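J.: Knowing the structure of chain A, use the given hints to seat chains U and V on it.
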Amino acid sequence: MKFFDRLLAIDRRIIFLFVIIAVTLPLFSKATLHIEVSPMVKAVYDAVDNLPPGSKVLVSFDYDPASAPELQPMALSFFRHCFSKDLKVVIIGLWPQGPVQANIALEDVFRDPEIKAKNLKYGVDYVNLGYMAGNEVVIQSMGSNIHTTFPADYTGNRTSELPLMKGIKNFDNIDFIYNLSAGYPGTMEWVQFAVDRFQAKLGAGNTAVQAPGMYPYIPEQLVGVLGGMKGGAEYEIIAKRPARAVSYMLSQGVSHAVIIFFIIIGNLAFFVTRGKKKTS
Amino acid sequence: MRREVPLIITGIVGITLIISYFIPHTPFNLLQDLFTDWYQIVAAFAIILGILNLLRISLDKVYKKKKGWFFGLVVVLSFFFIVIPGFFFSGGRGFQNPGTPFFWIYFYIYIPLMSTMFALLAFFVASASYRAFRARNKEATMLLLAAFFVMLGRVPIGYYLSSWLPESYQLATVADWIMNFPQTAGQRAIMIGIALGIVSSSLRVILGLERAYIGGE
Amino acid sequence: MRIFRTLRLENKRINYILVFLLFIFSLFILTPALAQVDKSVTTLWEDTLPPSPPAEVKAKDTPNDAGGSITITWTKSLDDSTGRNNVIGYEILRSTSVDGEFELVGNTTAGAQQFMDTDTKDKVEYFYKIKAVTQVLSSVSLPSQPAISTQQWFNTDRINILIAVLIISFSILYFIRRARAGKKLYVRKIAGLEAVSDAVGRATEMGKKIFFVPGIQDMNNMMTIAGITILGKVAQLTAQYETRLEVPTSRSMVMVSCRETVKEAYTNVGRPDAYNDDMVYYLTDDQFGFSAAVAGLFVREKPATIFLQGHFFAESLILAETGNSIGAIQIAGTAALAQLPFFVAACDYTLIGEEFFAASAYLSEDPKLLGSIKGQDVGKFIFLLAILIGVILITAGIYDLSKFFAT
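Residue numbers (the numbering used here), protein chains in the order written: chain A, 36 to 315; chain U, 395 to 611; chain V, 184 to 590.
Hint data in this document are derived by calculation from the structure and do not stem from the laboratory.
Small disclaimer: the values here were computed from a predicted structure and weren't measured.
The beta carbon of each residue, even a glycine, is placed where N, CA and C say it ideally should be.
Keep in mind that the hints are not guaranteed to be accurate.
[What the hints assert, rightly or not] Chain U is nowhere near these chain A residues, computed Cβ spacing over 12 Å in every case: (1) R48; (2) L60; (3) G89; (4) P100; (5) P134; (6) E142; (7) K151; (8) S195; (9) K265.
[Stated by the list, open to error] Quick list of in silico lysine-lysine cross-link-like pairs, DSBU-like style, CA-CA up to 30 Å: (10) K306(V) / K241(V); (11) K563(V) / K367(V); (12) K37(A) / K532(U); (13) K311(A) / K532(U); (14) K532(U) / K372(V); (15) K153(A) / K37(A); (16) K275(A) / K151(A); (17) K551(V) / K91(A).
Just chain A, same shape as in the assembly (with noise of 0.2 Å):
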């Protein structure tokens, strides 16, 4: 009985040895797990891949390197479904370092031949209009006008001589909005003052921990969400073009094995002990 004592008193660093344990190994492994894409993803690849060539497609950045394991998969995934369909994308950030993230995804997503081939220009298919600080209040702003909010972009051009801008005055000229996001601000801010307020149709990634949060808003307000590594694996896997996400999940889904597993042993010494102190 000793023994489930000391299991229910388990040093914490014991666990923590097997969670790297269980993180780690499978990152060395190629195999893959069948991923089964849930409708809310699907919702969110339909209502881009539905889009004609041309569709401008605002993605907002809201998210910090924190999140980035979790989000930048899908930063990546999106910006190739978006390419290779000749979407033209619109790139904001209400957190400081969402442009910055941005620019990384979108180096990495340059690298791809398919999308390197079609020799996208800044100002033409793309643009990075930075950082604005206000939170919902810089939203607000954007329904009305987008030049106005953001009079400048990332490097310093003015908004209005960037080609793809001229067509874009408000939210009534942006196609889709797709909203990456940490925290606050974020999705729900996005929610009541860009969907509530001038109807604009919103897909959304979340962290994990966050998703949930997100649901009672679908599907009148938001079109879908990818929640955590998981959802940008299933948007991966629906694209066609299984990448980092799909690779981690082995990882997610040993360490998940990992903490059950612990869970089960500790309930056990629980009953045990407890069976113990009442017989005695």
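T.: Just chains U and V now, with coordinates in the frame of chain A:
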């Protein structure tokens, strides 16, 4: 007067902004943006206050060799290590562009540090789950079962464990059901309570009944 | 007939048969090509025809706004996703007179039937035409009736919110008044708040510090204000018991506000000498920089009690687990839904949602503040009733009550 003036300002601004929510006519439609802009400006200047306080406390710790003085030294050195290249050697407005010293610090130091801190959650989730998910009573058992189904249903392993079952009994379907129905219902209920709590708290602040945040009773 | 002479084909009948066969053979070769030509000729032919113009163009002042906006609606062109299906978009044209020159003010993609012109001057008449555009041609609708943009004094879309706010506010004020009149109000026990004085007492007995973290958001967040009001109560206790208190903050303005609160709490209890500005200090605005600093402080200082009261994000579990690992008693409170499970799992007591906002009233035991909690219960009862009635009505297929709550 020291306390009365802030309370009067709070009351007037609070009531005005509530009214402006329902009145789109000028000048009410401009008030929210105006006050938000004022707040942003004040908060931006307040950062200087915070930074000076941080540097003062850290330097004081280092100078007097207080407990943990080494961490104070790290704070001060890190502060100047980022501010000086960022302000003076990174090309002005384009300081965040790839190739600048600031971008190098951001990409090779800041991003790994932030990712590491976020990654700690994986370990803490494991230790917290081990400790918290015990079937002590009925409610705890329900929580345990829900966690079990959702954790397994959300990863491909759940598919492999239950693919032989009819689709409506598979782990992924059960996990989705838990997330879409009981979880969403519970969240919505808590959200309604929170909204009412915010209304009540805001009313107390606007009416001056709640004063602790400005140092009152 | 030089060809026949060249080929030395003297028999005329054979010659004609050969010509005929040549003709049939060329038909087989040329027909597919002709079909393509035929198709492109057809397309070319179609593109020489303008699309069917949009119809029923209506322009009206955009409701519930501050003026400067007119909403135009129209019926799609018959060649938009039907008919010849060659419409690629619409152009919105505007003029100040029905016979005047119409200028382009915007465009939409095919399928659209509405556009908001947000560039109008109030009290000026505008006329609109909608032009359906194909790759090559276009056709313009008849002009709309004149429309004038104006400002509205009341947003009728928000009438339901106004009613809800008035009902809840009046019920709160009513119960505050009743409490002022001396009526005793029952508020259920909240375990986390009952434990506050015990938690402070524990730190006093152990001779260790108390850490109070008021979240990582700024003063414009209601949760931060609620956290700071709780700090005031905790600071009064630490002043009475002479327990060391530390308040690391993530925002400069929160630092200033917390300093005022703690200083005032110490003064009210008669211990202004025990207060020191360095009890409340700023660390960093950065989320994980702050949590790394605070986690490090927890591990080094080993406080006996930790309060986590405010708006937290992902760092909530890092702070709560670190606090648990050092054996501190932890009382958390937040209305951040995503973080509640982490606090519930890792902390000894958690104030969930509205309990957190009720904390200041609960701890002060001031009747006026307790009355406000009663008032919000009326609001909750109304919502409960609405949900019940709404579920019954929609299940019976009678009426969708949620429409009344839409904004």
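J.: For each hint, tell me whether it holds in the structure or not.
T.: To see whether the hints hold, each was checked on the structure:
| no. | hint | in the structure |
| --- | --- | --- |
| 1 | R48 | 9 Å, violated |
| 2 | L60 | 14 Å, holds |
| 3 | G89 | 29 Å, holds |
| 4 | P100 | 4 Å, violated |
| 5 | P134 | 7 Å, violated |
| 6 | E142 | 8 Å, violated |
| 7 | K151 | 18 Å, holds |
| 8 | S195 | 18 Å, holds |
| 9 | K265 | 6 Å, violated |
| 10 | K306(V) / K241(V) | 18 Å, holds |
| 11 | K563(V) / K367(V) | 21 Å, holds |
| 12 | K37(A) / K532(U) | 27 Å, holds |
| 13 | K311(A) / K532(U) | 21 Å, holds |
| 14 | K532(U) / K372(V) | 22 Å, holds |
| 15 | K153(A) / K37(A) | 67 Å, violated |
| 16 | K275(A) / K151(A) | 18 Å, holds |
| 17 | K551(V) / K91(A) | 54 Å, violated |
Taken one by one, the earlier hints fail for this structure at numbers 1, 4, 5, 6, 9, 15 and 17, listed in ascending order.
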